[in-house]
Amino acid sequence: MKRLIILFLFLIFITAACSVLTLQPANFSWPIESVLPVDDNGKVTDDRYSIEINTVGLFFDEFQDSLSYRGKEVRMIRDNQGFYFMTASNFKNVYVFKTDEGTLKLEKKIFISEFGLQTPAFNQRNPYIELVDGANKMNLTHKGIVEDSGFRREGGSK
Amino acid sequence: MKNNYLTKLLLLLIVLGFTSSIFAQSDREIVDKFKAEYTSIEKSIKDATTLQELNLVLDEITILKQGYAQHKELLDKSLYPDKYDESFDKLNKAYLLRQGDFSTIDVLQTEVGELKQQVEFLNQRNNELLVQVQKLEDQKQKDAKTIKKLENLVAELRSSIRERDELVLSMIDSLMPPTMRDKENLTIEDKDMVASEEKKDNVLSNVKTTIRDNIRFIQATSLKPKDLESIREQQKDFVTKWQKVGAKLVEVYAEDEDKTEELKQIDELFNEWATVVKQEAWESIIDEFSLNGIELMGFKNGEEFTNSVDMFIDDELKNLGVKSDEESKRTYSQFADSTWFASIQPVWMNYLIENKMLTDDNKNKMESKIAEWKNALYPSNWWIYLIIAGVVIVGAVLFFVMRRKKPASNVSE
Numbered sequence: 070m071k072r073l074i075i076l077f078l079f080l081i082f083i084t085a086a087c088s089v090l091t092l093q094p095a096n097f098s099w100p101i102e103s104v105l106p107v108d109d110n111g112k113v114t115d116d117r118y119s120i121e122i123n124t125v126g127l128f129f130d131e132f133q134d135s136l137s138y139r140g141k142e143v144r145m146i147r148d149n150q151g152f153y154f155m156t157a158s159n160f161k162n163v164y165v166f167k168t169d170e171g172t173l174k175l176e177k178k179i180f181i182s183e184f185g186l187q188t189p190a191f192n193q194r195n196p197y198i199e200l201v202d203g204a205n206k207m208n209l210t211h212k213g214i215v216e217d218s219g220f221r222r223e224g225g226s227k
Numbered sequence: 236m237k238n239n240y241l242t243k244l245l246l247l248l249i250v251l252g253f254t255s256s257i258f259a260q261s262d263r264e265i266v267d268k269f270k271a272e273y274t275s276i277e278k279s280i281k282d283a284t285t286l287q288e289l290n291l292v293l294d295e296i297t298i299l300k301q302g303y304a305q306h307k308e309l310l311d312k313s314l315y316p317d318k319y320d321e322s323f324d325k326l327n328k329a330y331l332l333r334q335g336d337f338s339t340i341d342v343l344q345t346e347v348g349e350l351k352q353q354v355e356f357l358n359q360r361n362n363e364l365l366v367q368v369q370k371l372e373d374q375k376q377k378d379a380k381t382i383k384k385l386e387n388l389v390a391e392l393r394s395s396i397r398e399r400d401e402l403v404l405s406m407i408d409s410l411m412p413p414t415m416r417d418k419e420n421l422t423i424e425d426k427d428m429v430a431s432e433e434k435k436d437n438v439l440s441n442v443k444t445t446i447r448d449n450i451r452f453i454q455a456t457s458l459k460p461k462d463l464e465s466i467r468e469q470q471k472d473f474v475t476k477w478q479k480v481g482a483k484l485v486e487v488y489a490e491d492e493d494k495t496e497e498l499k500q501i502d503e504l505f506n507e508w509a510t511v512v513k514q515e516a517w518e519s520i521i522d523e524f525s526l527n528g529i530e531l532m533g534f535k536n537g538e539e540f541t542n543s544v545d546m547f548i549d550d551e552l553k554n555l556g557v558k559s560d561e562e563s564k565r566t567y568s569q570f571a572d573s574t575w576f577a578s579i580q581p582v583w584m585n586y587l588i589e590n591k592m593l594t595d596d597n598k599n600k601m602e603s604k605i606a607e608w609k610n611a612l613y614p615s616n617w618w619i620y621l622i623i624a625g626v627v628i629v630g631a632v633l634f635f636v637m638r639r640k641k642p643a644s645n646v647s648e
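Chains as they are written, first to last, in our numbering: chain A, 70 to 227; chain B, 236 to 648.
Treat the hints as calculated values from the structure; they're not laboratory data.
In this text the structure is predicted, and so the values were computed from the model without any measurement.
Glycine residues also receive a C-beta, built at the ideal position from the N, C-alpha and C atoms.
Just so you know, not all the hints are guaranteed correct.
[Claimed, not checked] Interface residues of chain B toward chain A, partial, derived using beta-carbon atoms under 7 angstroms: (1) S261; (2) S313; (3) I382; (4) R397; (5) E401.
[Said to hold, decoys possible] Distance ranges between label pairs, derived from CB positions: (6) A/E216 / B/K268: 45 to 51 angstroms; (7) B/A329 / A/E183: 26 to 32 angstroms; (8) B/D324 / A/N195: 37 to 43 angstroms; (9) B/K270 / A/E216: 46 to 52 angstroms; (10) B/Q260 / A/G213: 22 to 28 angstroms; (11) A/G213 / B/E308: 26 to 32 angstroms; (12) B/K325 / A/K212: 38 to 44 angstroms; (13) A/E216 / B/Q260: 44 to 50 angstroms; (14) A/K178 / B/T422: 57 to 63 angstroms; (15) B/Q260 / A/D109: 58 to 64 angstroms; (16) A/K212 / B/K281: 45 to 51 angstroms; (17) B/K268 / A/D109: 26 to 32 angstroms; (18) B/D294 / A/K178: 34 to 40 angstroms.
Work out the full structure, taking the sequences as your base and the hints as a guide.
This is the structure we're talking about:
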């Protein structure tokens, strides 16, 4: 019994010593979406948040065309947990990314409409991100669509 | 009637509710719309050309603030770096600043209007004073009372002309801002603005009147070097300011023959003014001699002045045997004691030499001539004193010799 207690205390000590410093709570939400034009090299730049992202991969994933980014603009917003939501006109999906070392890694690809979004826009509705497209709107999280948000999905879901 | 109004209002509310339910609005769209309206109001404030136009903007600010009050929270978060209230504070400050500009313009316009009136008044007053001075100057016999009156009038006229000159200089100054003067080429808008300002205040005409009055003042009065120095300074100041603006006015009126002619006249008047100031010194010197009954041959420069004095003294020397001694001495006294040593040498000589109107050689030549004249009138009797001294010395020597010889004869006895 005595040995068990010593082992338990030892484990607690080791766990405590290895724990990572965490600052909380942290809110990463952007108040409004950024609408960023894609340049000739496929890059978008946001001066307010000082970020620069290459979107060639995003457009290729959506349209399977490496030049489909030309003349487009990307709509982007960040939720309170720090996930980036990106979409654009004619996209069928909303892409959710999380940051990694010098990259944005896909967290979730949320299928929205088989016919593509016509005039998509993001609104910050903590803790959700609201996706608006004409008369339709729905709430999203980095995990997907919040089912009771009243969005009528067209053409099935992924 | 009331029912009709209520029906309309209800219909409007239904339509609005329906519309808002059909079109979900993007926050970004609200913010962008706000920014566009805000920028438009900012532009209206900057572009307003009258206070009335600016006052309309105040209503726009109020409408914008009321219209977006419901989105205050969103705008607080989205506007960067300012927030909702700060944005309106900025807009209100810009409005007040612009309002201040209009108030300043209003004050300046009033000042310019007053300036014009003052110049017109002074032009008339100076003219009257000049006529009075001229009348008094023309009186051959001037008693002490007239002289005093003349002096007072001249002082009043000088001060009045000076005052008007300052006002006209202000007009020249206000014709174009310094930044415009530094421009290599004026734009059409600049030219139009300058031409309109010039026309409004009759600047060219006032500049001409000012120079003419200054010329008349100099011609009508007999001035001292101190006055002339002051006039020279004033003239320099005027010329400097005119040169800066005048060159630009030539550009403004390149295609207006009448105005070009007027600008030429102003240049000629400036030259005449400079000549008259120079000439005035000689005129005043002639007057000084004349006041003491000495009529010299006219002169317009140092060389002629020297020759004139030289000739006058030569004539006097020639007349020494012809005129009575008393008369010759009286002329000398009037020339030398009452004029030359009383006013020309102490008052004018420095001015003439400093302004390079007379050389040292000329001065020495005239002074030698005056000395020669004096010697001819009052010959020096040094040789008489020498003879007297010689006689005294010889007498003394003889006296001592005689006294020495006397004891020797006593011894032999």
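Using 7 angstroms as the Cβ threshold, decide whether B/R397 counts as touching chain A.
Hint violated; B/R397 Cβ to chain A Cβ min 61 angstroms, cut 7 angstroms.
Confirm or reject the claim that A/E216 and B/K268 have a C-beta distance inside 45 to 51 angstroms.
violated (32 angstroms)
Does the hinted range 26 to 32 angstroms hold for A/G213 and B/E308 at CB?
With Cβ atoms ~28 angstroms apart, the hint holds.
Please test the hint of 44 to 50 angstroms on the beta carbon pair from A/E216 and B/Q260.
Since A/E216 and B/Q260 have Cβ atoms about 23 angstroms apart, the given range 44 to 50 angstroms is violated.
Any CB of chain A closer than 7 angstroms to the CB of B/S313?
holds (5 angstroms)
C-beta pair B/K325, A/K212: status relative to the range 38 to 44 angstroms that was hinted:
Cβ of B/K325 to Cβ of A/K212: about 42 angstroms, so the range 38 to 44 angstroms holds.
Cβ separation of B/D294 and A/K178, checked against the hinted range 34 to 40 angstroms:
violated (50 angstroms)
Given the range 37 to 43 angstroms, decide if the beta-carbon distance of B/D324 to A/N195 lies inside it.
violated (28 angstroms)
Mind checking the hinted window 26 to 32 angstroms against the Cβ distance between B/A329 and A/E183?
For A/E183 against B/A329, whose Cβ atoms are near 51 angstroms apart, the range 26 to 32 angstroms is violated.
Once the shortest beta carbon distance from B/E401 to chain A is found, is it less than 7 angstroms?
Status violated, d = 55 angstroms.
Can you tell me whether the CB distance of B/K270 to A/E216 sits inside 46 to 52 angstroms?
violated (35 angstroms)
So the hint says 26 to 32 angstroms: do the beta-carbon atoms of B/K268 and A/D109 match that?
Between B/K268 and A/D109, where Cβ atoms are some 30 angstroms apart, the hint holds.
Checked against the numbered hints given earlier, the structure breaks hints 3, 4, 5, 6, 7, 8, 9, 13, 15, 18 and satisfies all the rest.
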